[in-house]
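Position chain L against the provided structure of chain A, taking the given hints into account.
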Amino acid sequence: MSQLMSGAKILLECLAREGVDTIFGYPGGVTLPLYDAMYDNPIRHILVRHEQNAAFAAQGYARSTGKVGVCCATSGPGATNLVTGLVDAMMDSIPVVALTGQVTAKLIGSDAFQEADTFGITRSATKHNYLVKNINELPQVIHEAFYIAASGRPGPVLVDITKDVFQGNAHYTPVTSIHLPGYKVYTEGHTGQIRRAAQMMLEAERPMIYAGGGIVLSNASAELRELVELVDAPTVCTLMGLGSLGSEHPNFISMPGMHGSYAANMGMYNTDLIIALGVRFDDRVTGRLNAFAPHARIIHVDIDPAEISKIRNADLPIVGDLKRVLPKINAVLKELKPEAGERTGLKAWWKQVREWKEEHPLKPVVSDTEIKPQHLMQEIDRLTKGKAIVCSDVGQHQMWAAQLIRFNEPRLWINSGGLGSMGFGLPSALGAQVANPDQLVIAICGDGGFQMSIPELATLFNFGLPVKVIVMNNGYLGMVRQWQELFYANRLSQVTLDGFPDPVQLAGAYGFKGRTVERPSELAEALETAFADPGPYLLNVRVTPTENVFPMVPAGGAINEMVLGPPQPVAAA
Amino acid sequence: MLQVITLLMENKTGALMRVTGLLTARGYNIDSLTVARTLDPELSRMTIAVAIEPHQRRQLIKHMNKLINVLQATDLTDAPAVIRELVLMRVRAPQESRTAILKEAEIFGARVVDSTLEGFALEATGDIEKLDEFIDIMRSYGEIEVTRGGAVAVSLESKKLRLSPPVPRGTEEAKAEEKNGVI
Chain A
1 MSQLMSGAKI
11 LLECLAREGV
21 DTIFGYPGGV
31 TLPLYDAMYD
41 NPIRHILVRH
51 EQNAAFAAQG
61 YARSTGKVGV
71 CCATSGPGAT
81 NLVTGLVDAM
91 MDSIPVVALT
101 GQVTAKLIGS
111 DAFQEADTFG
121 ITRSATKHNY
131 LVKNINELPQ
141 VIHEAFYIAA
151 SGRPGPVLVD
161 ITKDVFQGNA
171 HYTPVTSIHL
181 PGYKVYTEGH
191 TGQIRRAAQM
201 MLEAERPMIY
211 AGGGIVLSNA
221 SAELRELVEL
231 VDAPTVCTLM
241 GLGSLGSEHP
251 NFISMPGMHG
261 SYAANMGMYN
271 TDLIIALGVR
281 FDDRVTGRLN
291 AFAPHARIIH
301 VDIDPAEISK
311 IRNADLPIVG
321 DLKRVLPKIN
331 AVLKELKPEA
341 GERTGLKAWW
351 KQVREWKEEH
361 PLKPVVSDTE
371 IKPQHLMQEI
381 DRLTKGKAIV
391 CSDVGQHQMW
401 AAQLIRFNEP
411 RLWINSGGLG
421 SMGFGLPSAL
431 GAQVANPDQL
441 VIAICGDGGF
451 QMSIPELATL
461 FNFGLPVKVI
471 VMNNGYLGMV
481 RQWQELFYAN
491 RLSQVTLDGF
501 PDPVQLAGAY
511 GFKGRTVERP
521 SELAEALETA
531 FADPGPYLLN
541 VRVTPTENVF
551 PMVPAGGAIN
561 EMVLGPPQPV
571 AAA
Chain L
574 MLQVITLLME
584 NKTGALMRVT
594 GLLTARGYNI
604 DSLTVARTLD
614 PELSRMTIAV
624 AIEPHQRRQL
634 IKHMNKLINV
644 LQATDLTDAP
654 AVIRELVLMR
664 VRAPQESRTA
674 ILKEAEIFGA
684 RVVDSTLEGF
694 ALEATGDIEK
704 LDEFIDIMRS
714 YGEIEVTRGG
724 AVAVSLESKK
734 LRLSPPVPRG
744 TEEAKAEEKN
754 GVI
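Chains A and L, in that order, are what the protein sequence lines are. Letter by letter, the first sequence follows residues 1 to 573 of our numbering. Letter by letter, the second sequence follows residues 574 to 756 of our numbering.
So that you can see chain A by itself, here it is in the shape it has in the complex (with noise of 0.2 Å):
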C-alpha cells in the first residue's frame, strides 16, 4: 500500500522507522519545508545554537547509548558548520546520520543562496555520504545511511537533500531491503585465527591486554573481562577504551600512552605479547614506534581491515567483530587451559608490575592553598563512584580526568580522542544528557573549551537538561601552555585566557546557578551542592595555573622513557 506524501514527511516517516526519537538541529532556508513536517511530528528536536554542537550533541547521544545520533542543518553555512563535529565522529567511529538541506537540484551550481558544494566538503568527513535529488530515492538513501552508520566500523553518514525533494510528493512504500554490494563487514573471525590466538595468549609469559573504543562500539565488555580473568594479564584501557574494563578490576592498569601511568607504559614496553583489541595503535600511545614494545608479538583483533598492520605488524591478526570473535577465543582458551599447565611466568610479571604500579602511582596533588586540577578530579571521582557520565573537553583537564575519574562501565567517559575538537564538553554532554535523563551527566571543560561552546548554556537552560558544567578554570589554554614551557623555553605566546566571565552573572543571565570555588576547603561542598541541584549548574573551578600533566612521554620519545613530574629540586650535599 502506499501513500502520496510529501518528501518531508517521507523524511521523518523513515526516522521513525529507524527509531529516532531526537534531532538536533538548526532550521534555515531549505530546510524550512522539513521543519514545518517536524512541528506536528512526535520526533523530539532539540534546538542546539550552533551546527557544530548539534553535531557534537548528536555524539553524546550516540556515544552515552550506542544508537545512532541524528543532527541537522541548512544547506550552506548550516552544513558545513557541521564538518567539524562529523571527522571528530569520523575519527572516534561514532554513528552519526546527518541530514542537511541543498539547494533546489536545478539551482546546484548556479552559486545560489546559501549554496556550498556538501556533497564534495563532506566526501572525506564521513564513512559514506549521499545528494538526493530524486524523492523516490529517497526512503532507500536515508534507511542506507542509517545501516552504513551503526553497522562494522561504525561512523558518520551525511544525506543532503535538495529542497525541491522535501517539497516534492511521492507515493511512499516503505523500503524492505537495502542494497549495497560493495559494502563489506566481517564480523566472525577465522576460526584457524581464533584457536592459535588463544594458544599464544596461554603460551605468553608477559601478556598485556590493550583494550580500546572498539570494545565500547561493540558493546564487548562482558566479554572482555571473561577474557582477561581466563588469560589473567594485565589489562591498560585506551582514552577511549575507558570503562570497557571496569577500573576497579584487579587486573586494570589505567591508560596506557603520552599521559598514561608508569606501570601501563612499562608493561606495554615490556610485555611479549600484545592482545590488542579495538585499537588503532595510536601515535598517542605508541609513542616513538621502535621503541614500542620491542619484545613483543602481537595479537590484533578488529572489524576493520584497514586497522591491521596499519602502525604495527600484526602476527596474528583476526578481522571481526569483537562481539563475536571475544566469545570464541574465551570459548577455546576455556579448552585449552586446563591443558596449559602452570604458567610460571605469568606470576613474576604480575609481581614486576605491581612492582611499577606501587612506584609511581598516578596519586593526586593536593595543596591547602590552592585547588590542583587533580584535587578537583579526584573530589569528582569520589562523588560520583565510577557512575556519572563525564564528557570531557580538550586538553589537561581531559587527561587528568582520563587519569583519575574512575569508570566502572563503558559508555561513561565521553570525550573527543582522535581529533581532539575543543568545544566538544558541553554539547555532548548536552546530547548525553538528553539520552539520560535520570543520569548525572557533568560536563568538564576547560576555560578555552566551555568557552568555544557557551552559547549552548542556554539549551541546557530551554530544554531543562540539569548537566553540571565544571570549568577547570586556570587562565590558560594549559597544554598548550605546558609544551610552550616545556619545548620552547617557556615563551607563552598567546594562551593566557584573561576576561572569563563571572560564572554567578553568566549561568544567571540564562537562567541557573552559577558559582566560582577558588579554595580547597570549599571545593568538595562546591561539588556536592552542584550534583544535588535540580537543574544546570555551572561550577567555575580557579585551580593552579600553571599545573602541568605527569607522566609525560614528549612527543616522538618512547613510552619507557617517561618523564614522571617536575624536575625535582636538586637535594643539599
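These are calculated hints, taken from the structure and not from any lab test. If you're wondering where the values come from, they're calculated on a predicted model, not measured in any experiment. Take the hints with a grain of salt, since some may be wrong.
Stated by the list, open to error - Quick list of in silico lysine-lysine cross-link-like pairs, DSSO-like style, CA-CA up to 27 Å:
#1 A:Lys-328 to A:Lys-347
#2 A:Lys-133 to L:Lys-585
#3 A:Lys-328 to L:Lys-635
#4 A:Lys-310 to L:Lys-635
#5 A:Lys-184 to L:Lys-635
#6 A:Lys-328 to A:Lys-310
Just chain L now, kept in the frame of chain A:
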C-alpha cells in the same frame, strides 16, 4: 614505479571522487585513470596508474575496498595481468619519410586512421613501454601530437572472473594474509 590498480565499483555519482580522494588526500598524483561501465550497467571498471610509496600500497588498497561504492580493488602491479593502452597520434612528416613512417607503424601494429598531405593520424595499442618506444621513434620523423588513453588492465587469475568477490587479493603479501585467514 607505477602501480596499476583495478577497481570494480558501482556506477554512481561520486564514486570516482571517493577513489581519487583517497589518493589526493595522501598527496599522490594520478598518472592515468580510465573508467567505463561493465557488462552490468550498474557497475563500472576503473584502472588507475599511480606511483604509491611501497609501505602505503596495501593500506591504500584496503581503504579503497572499504569504500561503500567499491566492490573490489586489486593491485595488479605484481599479479598476472594484461595491461594495455591506446595511443592516438598525428605525425607531420615530409613526403620522403611517409613510407618509412608506415613501415614503423606496421612494426608496432599501428593503424592509419587518417592520411593527409601533411602526414598521418595513427592508432596504436600495446603495453605502456612499447607505446613509449613507438612515440619516441615517431618523434624522430617530425612533429607529433599524442593523446594517450591511459592504462586499462585485466587480471589473468581465473578466480578474479567472479563479478562480486568481496575479498581484496593481488600481492604476495595479501595472498599470505589470505592463507593465514585474516579476511
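Here is what the structure says about each hint:
Note on Lys-328 of chain A and Lys-347 of chain A: the hinted pairing holds, with a Cα-Cα distance of about 26 Å set against a maximum of 27 Å. Among the hinted pairs, Lys-133 of chain A with Lys-585 of chain L is consistent with the structure: their alpha-carbon atoms are about 13 Å apart, no more than 27 Å. Between the alpha carbons of Lys-328 of chain A and Lys-635 of chain L the distance comes to roughly 26 Å, so the proposed pair stays at or under 27 Å and holds. As the CA atoms of Lys-310 of chain A and Lys-635 of chain L are separated by approximately 10 Å, the hinted pair is consistent with the 27 Å bound.
At most 27 Å may separate the alpha-carbon atoms for a hinted pair to count; Lys-184 of chain A and Lys-635 of chain L meet this at roughly 11 Å. Only pairs whose Cα atoms come within 27 Å are accepted, and Lys-328 of chain A paired with Lys-310 of chain A is accepted, the gap being roughly 25 Å.
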